[in-house]
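*Asks:* Spelled out from the first residue to the last, the chains are:
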Amino acid sequence: MPSLIDLTLEGRKVGQHGPWPRVVVDASVWTFAANELAHGRWSLLGLWGEPATVHMAIMDGQTAGIAVISLDCPNRRFPSVGRHHPPARRLERTIHDLFGLSAEDSPDVRPWLDHNRWGVRFPLGERIDALPKAAPYHFLAAEGDGLHQIPVGPVHAGIIEPGHFRFTASGETVVRLEQRLGYVHKGIDGLMTGASLERGVRLAGRTSGDSTVAYAYAFSRAAEAALDLVVPERAVFLRALLAELERLANHLGDIGAICNDASFALMHAHCGLLRESVLRAAGAAFGHRLMRDVIVAGGVARDVGNDGVEAIQAALDNIRLRFPALVELYDNTASLQDRTVDTGTLKASLASQYAAGGYVGRASGRSFDTRRALAYPPYDRLRFDVPVLNEGDVNARVWIRVREVEQSLALIDQILSQLPNGPIRKEVPLGGEVREGMAIVEGFRGDVLVWLRLRNGLIERCHMRDPSWFQWPLLEAVIENNIVADFPLCNKSFNCSYSGHDL
Amino acid sequence: MRKLLFESVFRQPLTELAPSAVDAAVAELVAAVGQTARRRLGRSLSIREVDAGSCNGCELEIHALNNAYYDVERFGLRFVASPRHADVLMVTGPVTKNMREALERTYHATPNPKWVVAVGDCARDGGCFAGSYAVVGGVSEVVPVDLHIPGCPPTPTAMLQGLLALLERADADTGAS
Ligand code: SF4
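Protein sequences appear in the order of chains A and B.
Residue numbers for the first sequence follow the UniProt record's numbering, so the first one is 1 and each next one is one higher.
Residue numbers for the second sequence follow the UniProt record's numbering, so the first one is 1 and each next one is one higher.
Hints listed in this document are in silico derivations from the structure and should not be mistaken for laboratory results.
Where hints are given, some of them may not hold.
As the list claims (entries may be wrong) - Listed below are several chain B residues computed to face chain A (Cβ distance under 10 angstroms; list not exhaustive): (1) Glu61; (2) His63; (3) Tyr69; (4) Ala102; (5) Arg105; (6) Thr106; (7) Gly126; (8) Gly131; (9) Pro153.
All values derive from a computational prediction rather than experimental measurement.
Glycine included, C-beta positions come from ideal geometry on N, C-alpha and C.
Modelling step: build the complete structure from the supplied sequences, incorporating the hints.
*Replies:* Written as structure tokens, this is what we have:
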């Protein structure tokens, strides 16, 4: 079996691409890689386009080796990866919508993000006018006696993001769920083109609001990888502090919200308070409750003072005091367990095929966590466990989050006690030459990937990939044979991002 | 669970906790909102939230309005599931072209009298997404806006302030006292 290294030797290596190699390959190597993905030997990390090129980021799970392979497609076609490896399909449909490049022999050529409302087709490629009239979107068929369809969204009943779900049910049992997304597509990859790094990191931080730290972190690391820039030690630790606070706030909020979807409002109320205590501490420490615009290329824009550290410590103390009783309550409430155990089960094989990140993967036996597998600083110097379960149900996803709350508390303690003194930001040198970089950072819901190319100090192309891309399709799979009323629970236990996905 | 419930019964309400600047501001505001809402409407004010393209940051802070610190339901402000039940549409995001029709239809499904509150910097003029091929721009490009609450995202306190301003304005508009 060839290793990723062998594969990269087959191609023409691109200069100034950090920290992993990028090589330009021919169609046969491209298809070979697609087959390796299909056989589960490698994982797909990303697949994105440019006006006449497609790129694919792949990882060898055994060695955590990563490479990007690129294929020129002057005639606007490329061999479909999704034909062999289903996780690539929505990505290929997106490449077609944005760039007009077609995946040859793809089993699914329906548009994805393009709802024919932009007034233009292929906005990032060779633009042409939109179709005069939108063709109706063909949902996949489900046929049989007594089946009925339940369309939901894009506007939902709660305070949540917009998307459309098409359920086909037999009585109460869901036999098929199909998602249609793209409603909150803002064209962020397009806005990145020509932007400065300052504007780029602001946009990155507004890609998925609940992961604003993770995105700014990944974007900045990608830019620094391109520029060979080492950020000051204090900034390295502060970034991890921000990332763990974000993880903590989101997990606390979501644990409560999952229970709320099982009508167990007490957990929701108490977890909501703990979440609020984290946000207030973050506000006191960094001047913004969600910690937006704190991480920038070169370091961090704001330092934390003694008051801030005290506020964070007080929040941690409060969580340590109150959270264990909530966990016990969750564990001892039979009516709640009745809803979460054995509900929305994700098989380990599917989690692995889709390289599902975060708690979705880790509740289904996939132990991947970029903080451990790629051990970027300062995580290479911090002690923590990566909790893994095999059940794959809603309950397992709740437990992974509970354990991750505990891990984040311990991590923040270590970060605060090791926080070095010194500068928090380094000048970013903006050379004229072309430089490319990629970074993968562990957000609360999984691995956020950012790839970018800089030219003359400006962003020529930036692609961001949310973990939700590989989690949304799995939500379709887990709901099968569950009842419609359990969908909110399944959905919330995944908590995929709409905005991060639609971009 | 009993222990937690008992504790909740005996614990001081969180909104009346030690007067840090934020807590005091919140307490003052909610008192004002409560009075005005009751005077104006004599009943509850129902809010329908519509994400018309947000990054979801605004939604996180709107959610926070329901936590026990802010607990807006105490003042008859409540979030409802359908525009048909709503007095106020709280709209976030730079309206995306893919959401434009859904926003229009939600607006038309809301009975009169109704108010539209645009929440967040994006909702004013598209924020940092303005100019994209996929974005219409501010909420007022699509439906008439009565009030804009700035911020990225606005804090829950800022949203309470905004709702208070809206109620006062509704008073002025209708001549209620
Ligand atoms: S105003 Fe800020 S938080 Fe709200 S949707 Fe826009 S970018 Fe997100």
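*Asks:* Decide, hint by hint, whether the structure agrees.
*Replies:* We went through each hint and held it up to the structure:
Proximity of B/Glu61 to chain A holds as hinted, the smallest CB-CB distance being about 7 angstroms (cut-off 10 angstroms). For B/His63, the suggested interface contact is upheld, since its CB lies about 6 angstroms from the closest CB of chain A, less than 10 angstroms. Annotation: interface hint on B/Tyr69 holds; nearest CB of chain A at approximately 5 angstroms, less than 10 angstroms. About 5 angstroms separates the beta-carbon of B/Ala102 from the nearest beta-carbon of chain A, less than 10 angstroms, and the hint is met.
Hint status for B/Arg105: holds, given a least beta-carbon distance of 8 angstroms to chain A, under 10 angstroms. Using the Cβ-Cβ criterion of 10 angstroms, the hint placing B/Thr106 at the interface with chain A is satisfied: the shortest such distance is roughly 6 angstroms. Annotation: B/Gly126 was flagged as interfacial toward chain A, and the flag holds, the nearest CB pair being 9 angstroms apart, inside 10 angstroms. Interface hint at B/Gly131: satisfied, since its Cβ lies 7 angstroms from the closest Cβ of chain A, which is below the 10 angstroms cut-off.
The closest approach between the C-beta of B/Pro153 and any C-beta of chain A is roughly 7 angstroms, which is under the 10 angstroms cut-off, so the hint is satisfied.
Comparing the model with each numbered hint stated earlier shows that all of them hold.
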